[in-house]
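Same order as they appear, the protein sequences are chains A, B, C, D, E and F.
Reading the first sequence from the start, the letters are residues 10 to 349 in the working numbering.
Reading the second sequence from the start, the letters are residues 10 to 349 in the working numbering.
Reading the third sequence from the start, the letters are residues 10 to 349 in the working numbering.
Reading the fourth sequence from the start, the letters are residues 10 to 349 in the working numbering.
Reading the fifth sequence from the start, the letters are residues 10 to 349 in the working numbering.
Reading the sixth sequence from the start, the letters are residues 10 to 349 in the working numbering.
FYI, nobody ran anything at the bench for these hints, they're computed from the structure.
Here the structure is a predicted model, which means the values were calculated and not measured.
Worth double-checking, as some hints may not be accurate.
What the hints assert, rightly or not - Partial selection, computed: residues in chain F whose CB lies under 10 angstroms from chain C:
#1 Lys72
#2 Ala163
#3 Ile167
Said to hold, decoys possible - Covered stretches of chain B, as calculated for chain C (at least 3 residues, CB under 8 angstroms):
#4 22-32
#5 135-149
#6 192-202
Glycine residues also receive a C-beta, built at the ideal position from the N, C-alpha and C atoms.
There are 6 protein chains.
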Amino acid sequence: MKKVITFGEILLRLSTERHLRFSQAANLNATFGGGEFNVAASLANYGMDTEFITRLPMNDIGKAALREIRKAGVGTNHILYGGERLGIYFLETGASMRGSKVIYDRAHSAMAEIETGSIDWESVFRDAQCFHWSGVTPAISANAAAVCLEAVKAAHHIGLTVSADLNYRSKLWKYGKEPKEIMPGLLKYSHIIVGDLDSAFFMCGKEKEDPDYNDDAILGKLYDTLFQSFPDLKFATTTLRYSISASHQLIGGILYDRNTVYRSIIKEVDPVVDRVGSGDAFMGGLIYGLLHYPDDHQKTIDFASAACCLKHTISGDVNLASLDEINQLASGDSSGKVSR
Amino acid sequence: MKKVITFGEILLRLSTERHLRFSQAANLNATFGGGEFNVAASLANYGMDTEFITRLPMNDIGKAALREIRKAGVGTNHILYGGERLGIYFLETGASMRGSKVIYDRAHSAMAEIETGSIDWESVFRDAQCFHWSGVTPAISANAAAVCLEAVKAAHHIGLTVSADLNYRSKLWKYGKEPKEIMPGLLKYSHIIVGDLDSAFFMCGKEKEDPDYNDDAILGKLYDTLFQSFPDLKFATTTLRYSISASHQLIGGILYDRNTVYRSIIKEVDPVVDRVGSGDAFMGGLIYGLLHYPDDHQKTIDFASAACCLKHTISGDVNLASLDEINQLASGDSSGKVSR
Amino acid sequence: MKKVITFGEILLRLSTERHLRFSQAANLNATFGGGEFNVAASLANYGMDTEFITRLPMNDIGKAALREIRKAGVGTNHILYGGERLGIYFLETGASMRGSKVIYDRAHSAMAEIETGSIDWESVFRDAQCFHWSGVTPAISANAAAVCLEAVKAAHHIGLTVSADLNYRSKLWKYGKEPKEIMPGLLKYSHIIVGDLDSAFFMCGKEKEDPDYNDDAILGKLYDTLFQSFPDLKFATTTLRYSISASHQLIGGILYDRNTVYRSIIKEVDPVVDRVGSGDAFMGGLIYGLLHYPDDHQKTIDFASAACCLKHTISGDVNLASLDEINQLASGDSSGKVSR
Amino acid sequence: MKKVITFGEILLRLSTERHLRFSQAANLNATFGGGEFNVAASLANYGMDTEFITRLPMNDIGKAALREIRKAGVGTNHILYGGERLGIYFLETGASMRGSKVIYDRAHSAMAEIETGSIDWESVFRDAQCFHWSGVTPAISANAAAVCLEAVKAAHHIGLTVSADLNYRSKLWKYGKEPKEIMPGLLKYSHIIVGDLDSAFFMCGKEKEDPDYNDDAILGKLYDTLFQSFPDLKFATTTLRYSISASHQLIGGILYDRNTVYRSIIKEVDPVVDRVGSGDAFMGGLIYGLLHYPDDHQKTIDFASAACCLKHTISGDVNLASLDEINQLASGDSSGKVSR
Amino acid sequence: MKKVITFGEILLRLSTERHLRFSQAANLNATFGGGEFNVAASLANYGMDTEFITRLPMNDIGKAALREIRKAGVGTNHILYGGERLGIYFLETGASMRGSKVIYDRAHSAMAEIETGSIDWESVFRDAQCFHWSGVTPAISANAAAVCLEAVKAAHHIGLTVSADLNYRSKLWKYGKEPKEIMPGLLKYSHIIVGDLDSAFFMCGKEKEDPDYNDDAILGKLYDTLFQSFPDLKFATTTLRYSISASHQLIGGILYDRNTVYRSIIKEVDPVVDRVGSGDAFMGGLIYGLLHYPDDHQKTIDFASAACCLKHTISGDVNLASLDEINQLASGDSSGKVSR
Amino acid sequence: MKKVITFGEILLRLSTERHLRFSQAANLNATFGGGEFNVAASLANYGMDTEFITRLPMNDIGKAALREIRKAGVGTNHILYGGERLGIYFLETGASMRGSKVIYDRAHSAMAEIETGSIDWESVFRDAQCFHWSGVTPAISANAAAVCLEAVKAAHHIGLTVSADLNYRSKLWKYGKEPKEIMPGLLKYSHIIVGDLDSAFFMCGKEKEDPDYNDDAILGKLYDTLFQSFPDLKFATTTLRYSISASHQLIGGILYDRNTVYRSIIKEVDPVVDRVGSGDAFMGGLIYGLLHYPDDHQKTIDFASAACCLKHTISGDVNLASLDEINQLASGDSSGKVSR
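Excised from the complex, chain A in its bound form (with noise of 0.2 angstroms):
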């Protein structure tokens, strides 16, 4: 199977530990993740061949982004090298109804600094069959922006499969445009959309709709007005989430192909370990199920549901539930009974 190419930025993670608030911490977990680093990493890890593309300072704590990246199995042949910071994100994780918390610290990174023209796209593409790029890269920077544009132009040339995970952050989108002077241009070349229909309203310049995400009909007429508006998309899906507390959600899917919406079951996680990535999980899942279950939609969104409440249970950014697990869960089984 041909390569799944991502692209985005990735972060120095800096993480309390046992709940404590930013100020308790004596120190602080560093890992490293970001959205589309993410789902490269999903996919690695499904045994899939990956590929991801970012621009990382060339200094020790780039060098220690290379080294996670190469650990996950991504591959890292085109990633640019320069620029003064890698982005940071601090998290505080939260516990019952106490919110976790996420400090950017992002701004002038490597990422945000790449200029147009800096990459090859036409060799990075060369063996590839998907491009996956999310709303979190146009909203860092207007150079990110145009960079994210020349990838998705050149990925839908080449004809390969292009998703987009809208991934709305109200504390970017700080460089002087909105979302719906970029985002329209970008989806434009993308076939598959994640994310809730508020955000994808929003970020179109749409008027926002609060649908009742349990009538299918309704579901569809609203995602059916994005169709018209995206003619080359193939699919829109999100995540169904529901919080109880941070410590406690309910998590579902859907995926509408133009004519049906499936449906995976709600799940109950408790407790969440860890919730940040569990929607690049799902995106990873969903991408996994298209390729190899492209005739069962159904199995496509039960993995992808799966693997984003599996997410929940691990630390850190990325998903390192494996095949087996995944299918497990998919298939009902949920009772984490002692495997020995």
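Using the hints provided, position chains B, C, D, E and F relative to the given structure of chain A.
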């Protein structure tokens, strides 16, 4: 707004991590806490001007305590220095049906051996509006009880609002006096009393009552007997706590102002990160509420209860939840969503 | 009261912290445990006189194990020394729908290579009243099975009460024998058998049964077939475990004495701190109960089930719950209140 | 005694433990430090009244820094709030022939973007006797340099003693100005200058000198050229450091008062626990000495050098050695005996 | 070989890691130790039969101490239970010129409040050959001193060899008696005395001496005055310690048998991992040597000195060096090569 | 430049922290290493293309090893999967006169049970220029020795430069063969031999020699006898190590090319952070030097020795020193100054 003064003991808290039993712990987390300090630290965290009065030994353990008081933003200008040791408490954090375990090692502490006349209360209470004490202080030694009496008399005389948390601890009160011999003399000078009716009646030498806390009429009647004993009393209040397990608690609160019983909605805390100090968080919230929403007792009890809930999600004795977080929970949002 | 002797393997247990996956762990918690040792340690913790029989390698890992056995208060006078290595098991602690994972690395251990005739059982059993073994020992090697047979024969001959925990582990039994070829020969000399009917029937070569554990009549009938095979058997007993998730378990137990099925109430454990060794905690509770409450089987099964529940809240293989704590839970108080 | 004011940036310090390289670290120690804060914290630790002026971002990282400043007993009344991020530095602690490594990530910090006119220096300097700044501040941005100039002018005008630590860092000074364009304008208003002659001459645009630091006559002559350039200068001083390895340092100091070169004995530090901040410890000791022993320059340089030595044995940026410990070392006892 | 009995206090030791100062420590290592226990643990580690006599409080801290005594292989059959608290000592480990710091918090401990008549010394000394006590026990309280006197009298009467480590601690001896009022009465019943001449003369009320420890003649003469005071004394011995810094020590030892001064070669310890308990390691080595090499005093002092050296490389109070390791060092190999 | 291939075993390394003894460790650091992997990782760290050949079990421990190999940037394309377990070694890090201690637990590992014919060496050696093996591989089992012979023959046949590190470990070689029966047959196909003469002569069945390593003439003569036995040999080389203590080592190296003995200056490492793998760091440096400075043997031995020195300052098996750091040390700067 003028200062809130609290008076009591701060202890070195040595707690096991990861629910380990004492005999399993190769190391102990070392923090500092104590009921009256915890109240001051809560209020300082809300931006209020506070001062904590205590007695610290002049060794490195006492100095470390002093640094933590300063870190909390609590005033240290009137702290006494002397004595042989800082009191200690050991804490083993339970889980599920295994309760947490506290071992006190606070006898002979600097605070237990405080002497009457050693604090210039007039100077302490300059620019102050409130004074807070709790039933722990008169429980540790005859000396501490005598100084506590000096304090409440002076505070009452100067016209401060005096609040008292009953904080009955059966493992204390070892120096030859029973609560009923001491507490009424202190409560006489207090305006706000916090504690369940069972403790209140016991510590005041009244017959035990086990009322239905859902019945406003009965509650009012019982509280009225307290108000009759202590004519200066304006408010009686308590948390309502249903302990499903060490990890799962239902938390609410009531506030009675001689006329009406105000109740906050019962909220579910699951899992509990650390419940020690949650009563002090309630107390801090109550003082904050009464000062900031003097005409809205419902808002006050909702704020105090939400502060109490959030404390359960925070490690250590002190409530580090922010005003924003407490207000968000008090207004009903307990979804614990990620802030990013 | 005379001694309880247990015989089996103690392993180095290497477990990840904070629910980390193996590939994430920069360090591993190092403790020691093993079914039969865990039973002895439970009993020693209740104040009983015990002795653990095993074979340890004469290297620093074996010596560290010896120190932990001593720390538990278990007798070490008859331990053999020799062999190349201490067996190891790796443990990854799951959460929610992700189950815990055990990787055995115990082949070729000192215990697996124990030789017949190397233990003077007569001397071991002096001053003893009970002997306990489990199905793990005959599962690890032909040698261990042979020595186990020596032991049960000697114990039976001398008149000790012999208890057997079936402990079926499909990842063991790799040396060429199936359980049904070995276990009946050992159970013949046993008086108490612990394990679910499914395992019992499978290990005795009977046809699989999946009975309704709520139906006393059916249970009794099925157990009676065991009693017919093993006429010396006096008690058959098992935990009842409903695994809602890796973090949430429902736990009860039943005890059958050829006449009556005694049941303890099902209790809810949430969250689970560590469920490894909870069966051994049940076993330890059962032996304690049968010896201390010989005429009150209900009390025995309640004690054993409560011990099993509390073990889930304690890290490591060994149940460190005290008699008081177990009795409090057995008598119905699972509120987990703070003791202070 | 009146206050000492220091002005500069405080950074989040993220350091690896146990001499790990950045790429090996699964977690980072998180503390706070920065040259001018370190000086204030030293002085506060000696019991002096101090105030630290800086600009902190209003996020949880900035607030954590604020709490650490308070913990050190340093005044925070004039701190500005605003900007996007707290500066960061990463520290990898070397050993033997492998030097420690600092990676700055402080561009675009709240302090770098401070604006002229935003601090009311007159109010800051009320009740103050000394003002301390260092060459790091003008090195981080044009804005910081401009505010630093405001500060030294105001301090000089009001009549404070102004001290300057040259602190040349080649990895800073990136905003388009060279030290020699900025530093002389700032030194003009200073009375005490700390730094080796090489840095001093370079930063003042003079030709490089590499003098024999053992020759008082030559040293005096070279320092005199500085005194000629800056007529208000009263003292020039520097540590003498011989780096045998990252773990083994020889430390002394000299103080020149336009007449005499005072020298402390060279002391051996082995092993070095943490040498970052040792220059600031020297600076703090110097200010303390000049204020407390105005007529005994030998005592001052001995105190400053001993403070510098002891800092090498203390983890973190800040010197936590007590007056007693420093005086004991300054008077010659470096035996490191156990105090018990 | 018959048992060695030691009598004294075991303390909870709370120490900072990585040379942190007390005020920096977010957690403390929790171990257990105390001079006389350390001696027993050394001997048990060499394979000898030992028993430790002390008084422990019946709380979880006391029980944790008990488990550690058992882990060390030391007998616990005669331990008393009672009292309010286990004594504590805080330890901050120094480096280079910063010495380690001990804070005692042991007043009012279970051991300090031991009562005369509570130990049946005749039963304790059955099957014993040696009894060891130290000057710490009579230093903690009048009660402890009185029980110590009971012990030495009984031991002497029964014919045991009695050894005494002077262990002078100026921070103890707070209950109203001076050493010279108590120690001679205890030393009268002792056969071996360990300690420098300075302490010995001071504690016996003799005039201070500061002899040249390299001059056998002078040493012999001074020791002879001790032998004259205590006619039953057979051996006087001491470590020789030159403290270059907290991290670098020179260690030797001398043993005088009324005729000859035996000396071990001075060895260099660099770095020191933990020097607390190194005197007890010397004491343990001495007892071992005198019992195993009764005719080779040179071998004894070499063994004791090597044990003392190796203790410096081991964390915690107790010497865990093996017989092989000590013998290898005693015979001159200090190269520290990797064993593999 | 073409690839360097190394072949051998990678082990799970479980080491105690802070110089703790095995019996004190509540947790163990878990990393991965092994002589031949360490060489490949060194070379990858210098930017070279490498491939590591081994056999890993298909369990989570084997997979974790695979991830670490990838993280190091070493190629994994030809790794075999199978077998029961990953080999383990336990490491206790000594200090001062206490040496580090290695306990091997590697019998029956996946690598020990590798089978001849299972590796397609022709395919492995495509695009390669060098092949490296060590004496550990033939020491672990007859199978491993046989596969090693296949490898060296194939490498020699294809024309690769073959290097051999003798790596004599007396605790291995347990399967019935002595080194002299196996090693000569392997060395016959090698061009570079690393190891001291003592090991070399012993493993080749020659009489023991203990030469003066400072005498070039004697060294040359002894090495010449090796060159006579193995005519294809071009270089003989060894580290020179003087072990003052476990914490203090003097390190140099010599390289003999049949004509001249090249020597690097002896350097002092104090303190040693971790000396395991320092020989492999030397080996990696040597291969790098011979390939990059083919005409400058002095530069090669200086580079290799500096790499060996720096490894002592780095935790774990693998040398993570950069080319810049090694070159700086090789050119004489061992001052360990802070880089900032």
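Now for the hints, and whether the structure bears them out:
The interface hint given for Lys72 of chain F holds, since its Cβ lies 6 angstroms from the closest Cβ of chain C, which is under the 10 angstroms cut-off. Taking 10 angstroms as the C-beta cut-off, the interface hint given for Ala163 of chain F is violated, the closest approach to chain C being about 32 angstroms. Interface restraint check: Ile167 of chain F against chain C, minimum CB-CB distance 35 angstroms, threshold 10 angstroms, status violated. Given as covered by chain C, the stretch 22-32 of chain B passes the check, having 5 residues with a CB less than 8 angstroms from a CB of that chain where 3 are the minimum.
Chain C is given as covering the stretch 135-149 of chain B, and this is violated because 0 residues of the stretch bring a CB closer than 8 angstroms to a CB of that chain, at least three being needed. Residue count for the stretch 192-202 of chain B with a Cβ under 8 angstroms from a Cβ of chain C: 0. That is fewer than the three needed, and the coverage hint is violated.
In summary, the numbered hints that this structure violates are 2, 3, 5, 6.
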